[in-house]
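Chains as they are written, first to last, in my numbering: chain E, 239 to 451; chain U, 21 to 181.
If you're looking for bench data, these hints aren't it; they were derived computationally from the structure. All values reported here derive from a predicted model rather than from experimental measurement. Heads up, the beta-carbon is just placed ideally off N, CA and C, and yes, glycines get one too. One should not assume that every hint holds.
Here are the simulated PhoX-like pairs of lysine-lysine, each with C-alpha atoms no more than 20 angstroms apart in a straight line [what the hints assert, rightly or not]:
#1 E/K378 to U/K167
#2 U/K175 to U/K159
#3 U/K74 to E/K449
#4 U/K88 to U/K139
#5 U/K106 to E/K316
#6 E/K301 to E/K328
#7 E/K300 to E/K432
#8 U/K161 to U/K96
#9 E/K298 to E/K397
#10 U/K139 to U/K48
#11 U/K124 to U/K48
#12 U/K124 to E/K316
#13 E/K449 to E/K397
#14 E/K449 to U/K167
#15 E/K316 to E/K357
Which residues of chain E face chain U? A partial, calculated answer using Cβ under 8 angstroms [unchecked claim]:
#16 Y410
#17 D412
#18 A441
#19 G443
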Amino acid sequence: MKNKFWLALVAILALGMATTLFFRSQLAQASPNGYGIGATVANFTLQNVGGNSVSLADYKDKKGVIVVFTTNHCPFAKAYEERIIGLDKKYASLQFPVIAINSNDASDYEEDSFDNMKKRASEKRYSFPYLQDITQAVAKAFGATRTPHVFVLKNEGSKFTVQYIGTIDDNYQDPTSVTKRYVEDAVNNILAGKPVVVTQTKAVGCAIGWKDA
Amino acid sequence: MRKIIALLGLGLLFNHFEANCQQVNVIKWPEVQEVLTTSSDTTYVLNFWATWCKPCISELPFFEEVHKKYKNKNVKVVLISMDFVKDLNTRVIPFVNQRNLSTKVWLLNEPDANEWIDKIDSTWSGAIPATLIINNSKKKKVFFEQKLDYDRLVKELSDFL
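With these hints in hand, go ahead and build the complete structure from the sequences.
If you want it as structure tokens, here you go:
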């Protein structure tokens, strides 16, 4: 009887400590609800505007990928659209292409419906996949909160790890006034086999509209 | 019919008057910094929004109401627009006038947001709507990266008064 009591007490204390440690480690991450820097990214498969489905695993022969959470409707995303197209133009041939993902709940903004995504991708001649994250599971796994929200992934033997999280550059309003190109710097460093210097930045963006909110 | 026209005219005049009252100040970071560091016993409610952000617009009336009800209680509400400065005259000012907003409106023209987002709150990812309630002399602040309603705002404010 006494033994049982002590066993229960120890179990409760251990559980308490484990919970505390767990939450502490969660807090230590910059994106508490998603991948942090260095995290390994789980494979995902999403529907592309072209009708095919695209998986992260399809990129196993690339040096990495630039994952951009974006939308049709968001003015910040629109302001960055040409720059996202530019990133793919510049880096796809260097084996570091763009994957664009729209996770927004289309019932919030009709502009983000799959049909409108298709239209936008063909009008602007996206050279990269534009995927619909209909269950929002991919945005949640990454911890994406806003658009545009960029995750630069390095591939080493089919293991994709997060090397940079944040904004594309330091001026959403005017591409000609940009002084810091965070995503380009990160990709250039990875391609050169160097560590990424600025690993995380923040930017104002449209909140991703969640279905259960 | 004439009465209606007269009323409409009065309404327009009133709107015009209101429109003249409200301005949108384009500001830089130091003006926000001042609010964050002032030692006065004023409770500031800073709401980050934009004219094209649906959840932001749906909560604006609550901030307007709080502004009207609490302005004599040392509470200052500021709606800080994240609209692009090029849209000031074509979008932001018409929006503010059309809604007859009496709350102070700023347009923060600091596109390198990575430099200042953490200074508002380290937990803010940068998504809008977002709201900071701060009172420096009481050493209190709360931050929300979410939409708020009137009851929630009043409840949160009660801790500051």
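Going down the list of hints, with the structure as the test:
no.: 1; hint: E/K378 to U/K167; verdict: holds, 19 angstroms
no.: 2; hint: U/K175 to U/K159; verdict: holds, 18 angstroms
no.: 3; hint: U/K74 to E/K449; verdict: holds, 15 angstroms
no.: 4; hint: U/K88 to U/K139; verdict: violated, 28 angstroms
no.: 5; hint: U/K106 to E/K316; verdict: holds, 15 angstroms
no.: 6; hint: E/K301 to E/K328; verdict: holds, 14 angstroms
no.: 7; hint: E/K300 to E/K432; verdict: holds, 17 angstroms
no.: 8; hint: U/K161 to U/K96; verdict: holds, 14 angstroms
no.: 9; hint: E/K298 to E/K397; verdict: holds, 8 angstroms
no.: 10; hint: U/K139 to U/K48; verdict: holds, 14 angstroms
no.: 11; hint: U/K124 to U/K48; verdict: holds, 15 angstroms
no.: 12; hint: U/K124 to E/K316; verdict: violated, 28 angstroms
no.: 13; hint: E/K449 to E/K397; verdict: violated, 30 angstroms
no.: 14; hint: E/K449 to U/K167; verdict: holds, 14 angstroms
no.: 15; hint: E/K316 to E/K357; verdict: holds, 14 angstroms
no.: 16; hint: Y410; verdict: holds, 5 angstroms
no.: 17; hint: D412; verdict: holds, 7 angstroms
no.: 18; hint: A441; verdict: holds, 5 angstroms
no.: 19; hint: G443; verdict: holds, 6 angstroms
Figure legend: structure checked against the earlier numbered hints; hints not met, in rising order: 4, 12 and 13.
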